[in-house]
Amino acid sequence: MAASAKQSVSGDIVRGALLASFSKMDPRIMVKNPVMFVVEIGFVITLVLTFFPDEFGGNYGPHEWIFNLIVTIILLITVLFGNFAEAIAEGRGKAQAEALRKTKTDLTAQRVKADGTYEIVAASMLKKGDIVRVEALQMIPVDGEVLQGLGSVDESAITGESAPVIRGAGGDFSSVTGGTKLLSDELIIKATVDPGESFLDKMIGLVEGASRQKTPNELALSVLLAGLTMIFLIVVVTLEPLAHYVHGSIDVATLIALLVCLIPTTIGALLSAIGIAGMDRVIRFNVIAKSGKAVEAAGDVNTLILDKTGTITIGNRLASEFVPVGIHQQEELVEVAVMASLFDETPEGRSIVTLGKEFGVTKARESYHDAENIEFSADTRMSGMDLADGMAYRKGAVDAIKKYVNNHGGQIYPDLDEKTDRIAREGGTPLAVVKNSELFGLIYLKDIVKPGMRERFDELRKMGIKTVMCTGDNPLTAATIALEAGVDNFIAEAKPEDKMRLIKEEQASGKLVAMSGDGTNDAPALAQADVGLAMNTGTTAAKEAGNMVDLDSDPTKLIGVVSIGKQLLITRGAITTFSIANDVAKYFAIIPAMFAQVVPELRALNIMFLTNSKSAILSALIFNALIIPFLIPLAMRGVKYRPMNATSLLMRNIFIYGFGGVITPFIGIKVIDMIITWLGVAHL
Amino acid sequence: MTLAGTMGILATIVIIILLSVPMGSYLYRVFAGGSTWMDHVFHPVENVLYRLMGIHASSQMDWKSYIKSMLLVNFVMMLFAYLLFRLQGSLPLNPDGIKSMPWDLAFDTATSFITNTNWQNYAGEQSLSYLSQMLGITYLQFTSAATGFVAAIAFLRALVNNKSRWIGNFWADFVKIHTRVLLPLATVLAIVFVGLGLPETLAGAARVHTLSGLLQTISRGPVASLEAIKQLGTNGGGFFNANSAHPFEDPSALTSVLEIIAMGLIPMALITTFGMFIKNRRQALILYVFLTGVLLVGTFVIYSSEASGNPLIGHALGIYGPNMEGKEMRFGPALSSMFTGATTAFTTGAVNTMHDSLTPLGGFIPMLFMMFNVIFGGKGVGLLNILMYLIIAVFLSGLMVGRTPEIFGKKIEAREIKLATLALLVHPFIILVPTAIALVTKAGTSSILNPGLHGLSEVLYAFTSVAANNGSAFAGLNGNTIFYNLMLGVVMLVGRYVSIIAMFAMAGSLAEKSIIPESVGTLRTDTWSFGGVFLAVVIIVGALTFFPALSVGPIAEYFHMWIG
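Those protein sequence lines, which keep their order, are chains A and B. Per our numbering, residue 1 is the first one in the first sequence, and the count goes up by one each step. Per our numbering, residue 1 is the first one in the second sequence, and the count goes up by one each step.
So that you can see chain A by itself, here it is in the shape it has in the complex:
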């Protein structure tokens, strides 16, 4: 098995899957998979034929039961391989669900009674609307909204992220999840779910595959596979009369062998494993998809709507340039700017000090321990530092600094306005820098596009996905960032209604839209979008509205989800193509063997030079069974998706899985034939 599959499949899972392979043979379960159900019926018939070779007429030789027995065993193994593939995919989910369930059991809650006192109840008794108190170091018993208090919460059980997060009443950080741990303070929480519907319950259901339903695409493929199975059933059933007419007879075990070889057992056996593994990949990507449908829809997305702040840009504006004004040189400006920001703890302030270092200006705080730090205030709109020797450094909004300079009798250089305008025009934020009354110049604060975003948008473009950036900035600023990040379009000064309108517009023209969001005001848009990825840090409303929740709260993961969705479909398509293409070689193995007695001329079709009829039929059947476990790792891992245009991707996959699917069985069947001939099975 491939390394990646091995890592996540422990011995326990394999043992469980082995057992499940047998229990899944229950016809009531098998019937859900028509292709494999046909194989199972074939198995039962050949089993009967092993003990009563003449049950269905025909006159067989004395050793016919041996051949029938071997066919029976191979058919059994084929069914088991299929069940095993499904079980192992489920097994991984079950192991994860087990771990989650452990966090859920034995939780108790302090429920607030009508008279204001508390009672201890089991967490499973809590209903929607109940109010509970959680103290420091206690587990939060239920999903809910924080009504009172502020505390840090360890959500690692859900997200795998060990750094605690802050949760508090009001705002966008008020939702808490059952099964997480309060580390400090005390919270009063109102339960927002009834028992069995909590986030944790849903997650367990999802990873277990208990609530798994066939997705629309999987359903369509199942129909096609069932149709192909029907066609081959007709082909095989009508063969006996044909042979009969030319005075021959084909025994039932051989007909069943041909049928099983022709029907698409490879994809039939792996189809549900592919689906489960696809969902599993999403979960391991730390995203909870509420349905498989959502994951598939992600693969079809045409338009991606992304918020600028926090998604495309880092979120804080950072210093990117020093622009001196008047008679001043850059070096002087850098010196003054760094001094004005030395004690500034804001990200902007720190970025100025960092940029200063690049210009060779390094100041140690210790040297200025007697200096007085001037904090930013909304009133003055500037910050800075006053030294003991009376020197005053300030930086701040340009108009505020202008006023400050005027008040101190300083000079406003004529190029100041022009340079300020340039920065604003380019989408930056200008900060003016002054020492005492002398204006030195401007700091250019800029929205920084996250590293790698440009490349990601290029990839998306190759996939045919249009990206739209949403921002509250003015159109000028928005245009600059859009250009820098390489998004296809943007909406400036966007209000939540604008997002909604955009989604509806795109959908009206037939496109599928994905977006991410966290706030309550995003909820309607998340619900409207075809793929709505809600951040786990977001409000309950947002999480309810979206059809996926990102546990890491990283909006850029939307791009990864798209890839997973595509990969899911590609894997299905590739294995289906492979399965159907295999039929060519199987025909050449079985047809001449089958009619060897009746129409001896057909031996000319034995282009693989297989030993004899029996070894030809057995080799094809063994190949048909063995290819299933060979492809389990591929089904679990998924076919790698490469962003490229659809036609090149098609050609690539057709070459590997279509052309490969024609060639592989020729080689495989020949090799198996050589082995069983060497083992003497061919001449039993």
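Since the hints were made in silico from the structure, they are not lab data. One thing to keep in mind: the hints can contain errors.
[What the hints assert, rightly or not] Straight-line distance between alpha carbons at most 25 Å, and here's what the computed SDA-like set of lysine to any residue pairs gives: (1) Lys-511(A) to Asn-162(B); (2) Lys-32(A) to Thr-527(B); (3) Lys-511(A) to Ala-316(B); (4) Lys-513(B) to Gly-510(A); (5) Lys-504(A) to Pro-22(B); (6) Lys-462(A) to Trp-528(B); (7) Lys-513(B) to Ser-291(A); (8) Lys-462(A) to Asn-280(B); (9) Lys-32(A) to Lys-513(B); (10) Lys-402(A) to Glu-321(A).
[Claimed, not checked] Every beta carbon over 10 Å from chain A, so not counted as near; a handful from chain B, in silico: (11) Thr-36; (12) Asp-39; (13) Ser-58; (14) Ser-90; (15) Asp-104; (16) Val-257; (17) Ser-304; (18) Gly-321; (19) Met-400; (20) Val-440; (21) Thr-545; (22) Phe-546.
[As the list claims (entries may be wrong)] What follows is a list of derived Cβ distance ranges for each label pair: (23) Glu-325(B) to Phe-655(A): 50 to 60 Å; (24) Asp-62(B) to Phe-52(A): 53 to 63 Å; (25) Phe-655(A) to Leu-183(B): 12 to 22 Å; (26) Gly-248(A) to Glu-325(B): 26 to 36 Å; (27) Ala-253(B) to Ser-509(A): 48 to 58 Å; (28) Asp-62(B) to Ala-508(A): 18 to 28 Å; (29) Gly-248(A) to Asp-62(B): 47 to 57 Å; (30) Ser-509(A) to Phe-75(B): 18 to 28 Å; (31) Ser-509(A) to Leu-72(B): 32 to 42 Å; (32) Leu-219(A) to Leu-71(B): 22 to 32 Å; (33) Ser-509(A) to Thr-6(B): 50 to 60 Å.
Backbone N, C-alpha and C fix where the C-beta goes; we use that ideal spot for every residue, glycine too.
Once you have looked at the hints, place chain B on chain A.
Just chain B now, kept in the frame of chain A:
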């Protein structure tokens, strides 16, 4: 094979292609509401017809009412033809005093002509009065072609609809295909045929004294008019038993070439029409190239196999050279092979050579073409089959590029696949199951005149031919028994209507879907690569199904002839 023969085949196909493009564009203008230069002639005529029949030509139908009207009209016409055949003995225009048909043969014949199959379990000159030839046969040859054609047009409308269930008006379409396409073309062609020597008369069979003094009866009748629509409508049912091998149906190489062109014209033109409907001429080009490629390869396989002849005859009798058994000297191997390829590709069913006497490979190709049923195919229904395979090819390859598959902007979901699978399933079912039944029952086997492998090929050919609504036959099978009349009749009905209904239901669901705009992530179907995938799907899904049956039939015969 000779150079002249090869060039002749290529030239004929080039002529069909060249004529089909303007024809296709004309059809598009007629049925997509465009204007044509003949409008001022046709409009008044059609308006009178509409008023007479109470048709509101501008009112729109959804798929259900469209197909209901279509099926109703077909049923009424079939009943009419059945009664005509049953009563022809007592009806006028029967100079040769031909008797009424028995019920089973009348059923088979009516079914055969209403389904555009034209399988003939009778010999025209002995079993049909002139009235039946004209009002039964020739009439249905117009309307069955028209039915297939309007079905394809309605499907195309559905394909380009954006969230609208209306796919045109059946009555208006049905009238227009007659007034603007079939009647004018057939009239012109019939006159040309008369000029080239085909008879067109209501006088009874001529009785002449031959040079040796014997009395000979020479059958004749309104042949030219039937011949024109027989080819134009991809019908294939001949006036005489010998079909186009009869010198009155196909007197010369020139008429034979004209007949091939006539049968290929509209099926090929529909590909152009299709390209214009979906506003993608490149798509049409790709289909032209791949389908013509298959047609040519098949035709040359027949030609080379016929030209090589039968080695066993060479060994036994010392006769070498082409296989001329069943061929007309005036046509020779090249034209006979071309006709054989064309008549099965376009599922016409007319023959100018006896298919039963073809070499094994020469007989294998026509069977294969009918099993594919998509090498341009019959009038209209051929395009529907092409679309069905396109949908399955798009579904498989769409998955492989990681998107929910879509065809021309419409998503293919479970419903479409369900219906396409049904249409796909029907064809092998109605070929293989009846073949098997015929081969295990006494009623089935007693009609087989040649025992062994070839007898099997004959039965397989018969059911393949009627399933594909082709109508050509391997002779050597006595089809005029109650068993075969009923079996073949039912297969024709199922082969015709089940797939049309399935495709219509799909049209209904496609029509109401919105069109997704194309992006680079969309799988383009108008590329050479996709054309290759389409062909591979047709071959693997379509033909491999029949591989076991074919191996016991023509493939075994082939090895038997060369190795055995």
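Cross-check of the supplied hints:
1. Lys-511(A) to Asn-162(B): holds (13 Å)
2. Lys-32(A) to Thr-527(B): Violated, at roughly 38 Å.
3. Lys-511(A) to Ala-316(B): Since the Cα atoms of Lys-511(A) and Ala-316(B) sit roughly 71 Å apart, the hinted pair is violated (cutoff 25 Å).
4. Lys-513(B) to Gly-510(A): Holds, at roughly 9 Å.
5. Lys-504(A) to Pro-22(B): Roughly 42 Å between the alpha carbons, so the hint for Lys-504(A) and Pro-22(B) is violated.
6. Lys-462(A) to Trp-528(B): holds (21 Å)
7. Lys-513(B) to Ser-291(A): holds (23 Å)
8. Lys-462(A) to Asn-280(B): Holds. Lys-462(A) to Asn-280(B) sits at ~23 Å (cutoff 25 Å).
9. Lys-32(A) to Lys-513(B): violated (29 Å)
10. Lys-402(A) to Glu-321(A): holds (20 Å)
11. Thr-36: holds (32 Å)
12. Asp-39: holds (35 Å)
13. Ser-58: Per Cβ check, Ser-58(B) is outside 10 Å of chain A; nearest 28 Å; holds.
14. Ser-90: For Ser-90(B), whose nearest Cβ neighbour in chain A is about 43 Å away, the distance exceeds 10 Å, so it holds.
15. Asp-104: Fine: 23 Å to the nearest Cβ keeps Asp-104(B) off the interface.
16. Val-257: Val-257(B) clear of chain A: closest Cβ-Cβ about 37 Å, beyond 10 Å.
17. Ser-304: holds (19 Å)
18. Gly-321: holds (25 Å)
19. Met-400: violated (4 Å)
20. Val-440: violated (5 Å)
21. Thr-545: At about 6 Å from chain A, Thr-545(B) fails to clear the 10 Å cut-off, so the statement is violated.
22. Phe-546: violated (8 Å)
23. Glu-325(B) to Phe-655(A): 50 to 60 Å: violated (45 Å)
24. Asp-62(B) to Phe-52(A): 53 to 63 Å: Between Asp-62(B) and Phe-52(A), where Cβ atoms are some 57 Å apart, the hint holds.
25. Phe-655(A) to Leu-183(B): 12 to 22 Å: The hint (12 to 22 Å, Cβ to Cβ) is violated, given that Phe-655(A) and Leu-183(B) are roughly 50 Å apart.
26. Gly-248(A) to Glu-325(B): 26 to 36 Å: holds (28 Å)
27. Ala-253(B) to Ser-509(A): 48 to 58 Å: With Cβ atoms ~56 Å apart, the hint holds.
28. Asp-62(B) to Ala-508(A): 18 to 28 Å: Given about 22 Å between the Cβ atoms, the range holds.
29. Gly-248(A) to Asp-62(B): 47 to 57 Å: holds (52 Å)
30. Ser-509(A) to Phe-75(B): 18 to 28 Å: violated (42 Å)
31. Ser-509(A) to Leu-72(B): 32 to 42 Å: holds (39 Å)
32. Leu-219(A) to Leu-71(B): 22 to 32 Å: Holds - the Cβ-Cβ distance for Leu-219(A) and Leu-71(B), about 30 Å, lies within 22 to 32 Å.
33. Ser-509(A) to Thr-6(B): 50 to 60 Å: holds (52 Å)
When held up to the earlier numbered hints, the structure conflicts with 2, 3, 5, 9, 19, 20, 21, 22, 23, 25, 30 and fits the remainder.
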